[in-house]
Amino acid sequence: MTPEANARAELLQLIDSKMNRTLKYYLDTCVRCAICKDACHQYVATGDVLYLPAYRAELIRRIYKKYMTGSGRLLPKLFEGRDPEDDVLLDELYKTTYACTSCRRCMFWCPFSIDTSWVLAVAKALLLATGRGSEILTQLADSAIDKGKNIDLYTGVIREVLKGSEEEMRRIVQDPSAGFVYDKQGADVLYVALAGTHTILPAAIVFHQAGEDWTLSSFEGSNYGYFLGDTVKAKAIAQRIVDEAKTLGVKEIVMSECGHAHRVMRDFYRMWAKEELPAPMVSILSKVDGYIKDGRIKVTPGKITEPVTYHDPCQIGRNFGLFEEPRNVVRATCSDFRDMTPNRQKQWCCGGGGGLVAETEFDDVRLKSGRLKADQIKATGAKILVTPCENCRLQIESLNDHYDLGVRVSAVLDLVVEAIEIKPR
Amino acid sequence: MNWFQYVFAGWFVYVALIVFVGGLIWQIVKWRRVAKSRIVMGMFPKPAGLGARSAKMLKDTFFFPWVLDYSKSIWLFAGAFHLAGLLMFVGHLRLIHEFTPLVAWLGASGMDQFAFLTGGAFGIVLTVALIYLLLRRFGTPYKDLSVPEDYLLLILLLLIVTMGNHLRFFGTVHVTDYRDYVMSLLTFKPAFNAAILSSNVPWSLTTHVMLACAFLIYFPFSKLVHSIGAFATNLVRSE
Ligand code: SF4
Ligand code: SF4
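First to last, the protein sequences are chains A and B.
Under this note's numbering, the first residue of the first sequence carries the number 1, and numbering increases by one thereafter.
Under this note's numbering, the first residue of the second sequence carries the number 426, and numbering increases by one thereafter.
What the hints contain is simulated information worked out from the structure, not anything from laboratory work.
Don't take each hint at face value.
Claimed, not checked - Only pairs whose alpha carbons sit at most 25 angstroms apart, straight line, appear in this in silico SDA-like list of lysine to any residue:
id, chain 1, residue 1, chain 2, residue 2
1, A, Lys274, B, Ala460
2, B, Lys455, A, Gln174
3, A, Lys77, B, Ile464
4, A, Lys368, B, Tyr567
5, A, Lys274, B, Tyr567
6, A, Lys293, A, Asp142
Claimed, not checked - Which residues of chain B face chain A? A few of them, derived with a C-beta cut under 10 angstroms, are:
id, residue
7, Tyr439
8, Pro472
9, Glu574
10, Pro627
11, Asn659
Computed from a predicted structure; not experimentally measured.
Cβ atoms here follow ideal geometry from the backbone N, Cα and C, with glycine treated the same way.
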């Protein structure tokens, strides 16, 4: 075989290794009806076929047809068969694959429920194998893995930095002995936050008030390996938390307000690692909803009087199944709650998922496609926008400036802390 | 029957049926040989339990309610197209055996009239829907998404339906003569009887059958496997 033929065979083998039964169904079943087109915020906002969900998947399908099906091998022209090393194809594939926010809105409206984002997982593997993985996502993933390897170098510094927040916590909960709990063997809850105290402090206050037996993970829940589509890296990043949960022997892994981290922990880790989690993963949203219902914490009803609206992060709602829990919590704190239309499983993606907020090269499509969300927010007349996903919050902050929305962007727990009735312990 | 008719409205039918059935089985085996995904890919809200999931899957597959939600006109076109196609297929079964209960109810000439009206109406619905679907593919963004297979299938179907319309609206042959032809196929002695041969339909009948066979042969190797894939993918939706 010539080196070119060899390289092609390797790429095809890689694609084949990524195939599972459902993916084959998806690749064989799409009828190119384009009903999915108006489901995708990026296509609707740009009108560019590159962002039409079925077209994204079609790029992979054309390779699949030509090399992996009898009819395509016989008559590649009939399916516009393409080669996996074709530069034009790979360029297009890069733009469309890393732009996709994996919101799965297209899957919702497709008459065959085809999950385009899942086909694009194959595209990501192909891009990585041809040296076209997203650079910034690679860097972010590598540094997370590096942190896992040298955690001792990090913890001292991080905990030092967090001292100020602990001080604030003591002030708020009026308990001089309160603080963040580290490395607690046998704790009930391992709380996995994100980088930055804004995801730690509110949770710490709530845990303290609920009398929860918790400990703070040394690692952040976000996983750039997942966005990158590199399953080895993604697994290594998630593994850090799993190992920690095993070592500490916790009963639950509680995930902070981060959309993709919810899915990574509950759904993807077991596929990458071929093992189950050492403890069930529970969302902080379900936890807090439970605390309020059980009276473990008390919030002043209607404490927040400005109109509040709630954005369902795709990875928390449609793709994870939490619609009512966060709404219950938000409703408990405010007097004027307004849902957007559409909402819940039909809600529009904010446009910032899939790691887009970290990749400046996609700023254009990110801001354009955010228009749909911006219009929805405006229509509610809300002054506070709550959403339990860091990427959504960053995106909506950015839409706030770009489209002049004039809302305050907040996490669910921020509202809880605003409305909580502190009981001294 | 001349040799062309004998081959393409005769033996080709057997080849087509074998390839169609064999091809579909092969396609299913091919799917089932691939390992299942380890990850659950369903989306929320979703019913629990295989019974509820299957019920939802069947509803999604046969009524595609999300499409109705998305666009009423597409839902109507797609629905009318598939329904007319299905009923047209059912109507053809009359060529194997007369629908006796219907005849008992409508009378012999009433039945003929009924068949003419329904068959004619479905033929027109199919023609209009196919032309619409074909023209739609030439517009943006559909043309960038479409591959030759999409046009080929639509043109093939349009030709089959057009020939069918010719038989229905211009043909002078009665159903019993067509039934003779189908019987000749079933007894492995393909033949047109004298009434067909002396009528104005041998060419359109032969083309109709030949293209329908080509369609059947291509079916299992094309995107038309969505007719079975839909059940699987819509079940994954609630996984
Ligand atoms: S809606 Fe589904 S079947 Fe239609 S083009 Fe999109 S992915 Fe393909
Ligand atoms: S998952 Fe979302 S962003 Fe990706 S193609 Fe589908 S609708 Fe568009």
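Status of each hint after checking the structure:
1. A:Lys274 x B:Ala460: holds (14 angstroms)
2. B:Lys455 x A:Gln174: Distance ~66 angstroms between lysine 455 of chain B and glutamine 174 of chain A Cα, so the pair is violated.
3. A:Lys77 x B:Ile464: Not OK: lysine 77 of chain A and isoleucine 464 of chain B at ~34 angstroms, beyond 25 angstroms, violated.
4. A:Lys368 x B:Tyr567: holds (22 angstroms)
5. A:Lys274 x B:Tyr567: With Cα atoms ~40 angstroms apart, lysine 274 of chain A and tyrosine 567 of chain B exceed 25 angstroms; violated.
6. A:Lys293 x A:Asp142: Cα-Cα ~41 angstroms, so violated.
7. Tyr439: Hint on tyrosine 439 of chain B: violated, closest Cβ of chain A at ~21 angstroms, above 10 angstroms.
8. Pro472: violated (12 angstroms)
9. Glu574: Holds: closest Cβ of chain A sits about 5 angstroms from glutamate 574 of chain B, inside 10 angstroms.
10. Pro627: This hint is violated: proline 627 of chain B lies away from chain A, its Cβ roughly 31 angstroms from the closest one there, beyond 10 angstroms.
11. Asn659: This interface hint holds because 5 angstroms falls under the 10 angstroms limit.
Taken one by one, the earlier hints fail for this structure at numbers 2, 3, 5, 6, 7, 8, 10, listed in ascending order.
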